[in-house]
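The lines below spell out each chain.
Number of protein chains: 2
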Amino acid sequence: MTWLRNLIHVGSSSINPRTRNTSLLFLPTSLKHFTSEPNLQGSSSNIPRYSGLEPTKPDEKPRIVVLGSGWAGCRLMKGIDTNIYDVACVSPRNHMVFTPLLASTCVGTLEFRSVAEPIGRIQPAISRAPGSYFFLAHCKGVDTDNHVVHCKTITDGAKNLEPLDFKISYDKLVIASGAEASTFGIQGVKENAIFLREVSHAQEIRRKLLLNLMLSDVPGVLDEEKKRLLHCVVVGGGPTGVEFSGELSDFIIRDVHQRYAHVKDYIHVTLIEANEILSSFDDSLRIYATKQLTKSGVRLVRGVVKDVKSHKVILNDGTEVPYGLLVWSTGVGPSPFINSLQLPKTQGGRIGVDEWLRVPSVQDVFSIGDCSGFLESTGKPVLPALAQVAERQGKYLADLLNRIGKAGGGHANGARDIELGDQFVYKHLGSMASIGRYKALVDLRQSKDLLRCY
Amino acid sequence: MTWLRNLIHVGSSSINPRTRNTSLLFLPTSLKHFTSEPNLQGSSSNIPRYSGLEPTKPDEKPRIVVLGSGWAGCRLMKGIDTNIYDVACVSPRNHMVFTPLLASTCVGTLEFRSVAEPIGRIQPAISRAPGSYFFLAHCKGVDTDNHVVHCKTITDGAKNLEPLDFKISYDKLVIASGAEASTFGIQGVKENAIFLREVSHAQEIRRKLLLNLMLSDVPGVLDEEKKRLLHCVVVGGGPTGVEFSGELSDFIIRDVHQRYAHVKDYIHVTLIEANEILSSFDDSLRIYATKQLTKSGVRLVRGVVKDVKSHKVILNDGTEVPYGLLVWSTGVGPSPFINSLQLPKTQGGRIGVDEWLRVPSVQDVFSIGDCSGFLESTGKPVLPALAQVAERQGKYLADLLNRIGKAGGGHANGARDIELGDQFVYKHLGSMASIGRYKALVDLRQSKDLLRCY
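Going line by line, the protein sequences match chains A and B. Read in UniProt numbering, the first sequence has 143 at position 143, and its numbers run on one by one without any break. Read in UniProt numbering, the second sequence has 381 at position 381, and its numbers run on one by one without any break.
Accuracy of the hints is not assured; some may be wrong.
Partial list, computed: chain A residues near chain B (C-beta under 8 Å) [stated by the list, open to error]:
#1 55
#2 135
#3 146
#4 150
#5 161
#6 164
#7 208
#8 214
#9 215
#10 217
#11 220
#12 258
#13 311
#14 312
#15 421
Calculated lysine-lysine pairs in the DSBU-like style (CA-CA distance at most 30 Å, straight line) [as the list claims (entries may be wrong)]:
#16 57(B) x 152(A)
#17 427(A) x 395(A)
#18 306(A) x 291(A)
#19 152(A) x 309(B)
#20 312(B) x 380(B)
#21 427(A) x 380(A)
#22 152(B) x 309(A)
#23 295(B) x 312(B)
#24 406(B) x 57(B)
#25 152(B) x 190(A)
#26 190(B) x 152(B)
#27 439(B) x 295(B)
#28 78(A) x 152(A)
#29 152(A) x 190(A)
#30 152(B) x 380(B)
#31 312(A) x 439(B)
#32 152(A) x 152(B)
#33 309(A) x 78(A)
The set of hints was computed from the structure by calculation and includes no laboratory data. Every residue, glycine too, gets a C-beta built ideally from N, C-alpha and C.
So here's chain A without its partners, still in its complex pose (with noise of 0.2 Å):
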């Protein structure tokens, strides 16, 4: 049994040529920035406890580091011009969400891969580059001092698999790790509501409410049981919840009349807001929501809710609204890798910037999207949490950061004396809200005021 012997030796017979040539643009893999000390743990493993790739040298291309890969992070990469720069993604997520349109994955109109950008796609040499990488993993700490972020990989669900944590050398480090859904200190929400800030969120909201239909099908639940499995309730006005809930009226008036019609009767959504729904939106606008929504059976209950059980949530005035399912979505905060930054901060614990989005006490270090605002020094108000934001100063970074390369000044420390050009102005461009039924709000004021922001 010859062939059996080098079975963890791939051949050249495993490689079509014809495919090898025709794949111009790859390069050959090199490992040179790769290190590893000695296992101090025993010498038994395979794994040593600690790598990382070492800082460049000043003949090799500088290295981006970019901590997270939402609508900042993946405009910045992008933007990044890999002839002059290498790039190292860290992110629990290998793809970026294009979140408008994940509430209409939620009941199938959209597919979940429509929604998905795999990073690669959107910077190829993170693919393809020999010193660009894509490592799925959580950042555990930065250490400015020394240009290096520590990171664990995420095994979530895997067997067998223990996570390894490793280091990374930056030349410049970029933070755009995002914000947190919040959920204002109320107990149980984490444990019953779903978000709707992920594919995997959709995924879970579409298998629960599918299980939800079924199970209120069954011989043996109760009138009051199975309207409580079909109460869809939405916590939280804002654009996601106001989508989300004309998207489930959708699904109700057009695929379960149709396909579970034995508990059409049963199902409904609810929308609870303390405040009014689409707050940031033009009051006609809002009216406008207001009556479609309710038009397409959406209850609204203006409330602030106070507590969440594991079948109902309990408002301030003690009212009990019994839920199936509950979707989540009352904005954002600061996470908690955030929190544990010791840099200077926002008064809503944001990362503080300068106006050309650096992080002013420390050497190379910037910071974009919902997980950083201009400081109070700048005279510019925090920006709000929303893509459009994001994807501006994604752009703007990946433009100042590649002049800054040209100019020489892309390796650590080596951007001190280098004119940074122009700050970062943010124009807003108006808001967009779909309500269902083909219906959506587009508001084009340019005022900033009327955005939230925490």
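We have chain A already, so just place chain B on it with the hints.
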């Protein structure tokens, strides 16, 4: 807050009157079949402990209960005349899987949704007719004396949902619950290998493959570990194993070289088979398949697996084969549910049926698909566990039951004196297997003795 008071009552405003009027196929929901016994465990719960569908009355449509939603059960349900019968399907899966294309979904050639068809679309009465149902549940037992099946709902992965026991009275029972992947009692298979029989399996394979591709790129992972992570081992050289190996090698050539270029030299595929691959196919086709697979980089290993550990497979001769992904497709055997039934069996443990696919010792019970086989007394061979057989049996039995129903024998114990007509005769129309790179085998021989069965 008057609108909150009737929160769990759906008002008429929640339904679009236009949509309502156009859904002419919709029949009003009737719950007349439901019954519930008092809760023996205490009266605090809203859900009685044991409820069910009562026996049908002579003036009502007779009820066919179908266990399973595979090729056999779905083809049967599609063919049932719902003017004669109500249909209740009990299955852990609310859709049929088009199994021959499942392998293609693991690597993204096809969308998962393209190979899954909801049961409500296969037999629309299940979604709409007042006496027809789909129950997401396991069947726990069959009481042939009383014409009742006992079931338990499936709430896997759902938080805060207790499974519910219920029973269904049947007029005719069709057991089409299929077979189970066989492990031949080898230790560690269930814990470490992934089967390829459900959409969830294909999703797990895809997730694991991508996770391993990403993890193998992390700093500090040594060459040996990289090779292990990216070694995809397939056990079983039947059509499923071969098709999956072909798809994997396509994926490596097409996608890994482009999108995971850093690790492309580490990934490869090994197919382990104890005998010949594709043993039911003609010799010349088998030789062709072997050549093509080898050319695509699939390593064919002849060996018998003795033991499966978390990171390696051990063969009978002691050879250790490290793997990162292990897919197991060595055929099927009887499921614990089928084993538990006190019905006549074939030598291989399938439910024994007569020439009309009836279980001869009891009234009104039929069995089709992978879980059934001709009894020795029929003089016919047990048919192979193929979609082709199951599909043909489903069609035959639907016609037979429709004939019985038309002749007035649809109700329990009502078919004793009815002429059953032609026996079921299976004619093999040939076999197909894709082997990757847009190539496939087609074997049009009709001889049945080349087909393996358990």
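Inset, instruction - Could you check if residue 55(A) really has its C-beta closer than 8 Å to a C-beta on chain B? - result: With Cβ-Cβ at 13 Å, over 8 Å, it is violated.
Legend entry - Minimum beta-carbon distance criterion (8 Å), residue 135(A) to chain B: 6 Å, holds
Legend entry - Closest C-beta approach of residue 421(A) to chain B relative to 8 Å, hint status: Violated. Min distance 34 Å.
Legend entry - Hinted contact residue 258(A) with chain B - closest CB pair below 8 Å: At about 6 Å, which falls below the 8 Å cut-off, the nearest Cβ of chain B leaves the hint on residue 258(A) intact, so it holds.
Inset, instruction - Please verify that hint: residue 161(A), Cβ, nearest Cβ of chain B, below 8 Å or not. - result: Result: holds, 7 Å to nearest chain B Cβ.
Legend entry - Restraint outcome when residue 311(A) is required to lie within 8 Å of chain B by C-beta distance: 6 Å, holds
Inset, instruction - For the hint on residue 150(A), just tell me whether its beta-carbon gets within less than 8 Å of chain B. - result: Since chain B brings no Cβ nearer than about 12 Å to residue 150(A), farther than 8 Å, the hint is violated.
Legend entry - Restraint check for residue 312(B) with residue 380(B), where alpha carbons must lie at most 30 Å apart: Answer violated: residue 312(B) to residue 380(B) is near 42 Å, above 30 Å.
Legend entry - residue 220(A) as an interface hint toward chain B, with CB separation required under 8 Å: Holds: closest Cβ of chain B sits about 3 Å from residue 220(A), inside 8 Å.
Inset, instruction - Below or equal to 30 Å on CA atoms is what counts here, so check residue 427(A) against residue 380(A). - result: 13 Å, holds
Legend entry - Restraint status (C-alpha distance of residue 57(B) to residue 152(A) at most 30 Å): 64 Å, violated
Inset, instruction - Starting from residue 152(A), check that the Cα of residue 190(A) is at most 30 Å away, please. - result: Measuring from Cα to Cα gives roughly 23 Å; hence the hint holds.
In this structure, the earlier hints numbered 1, 3, 4, 14, 15, 16, 20, 30, 31, 32, 33 are contradicted, and the remaining ones agree with it.
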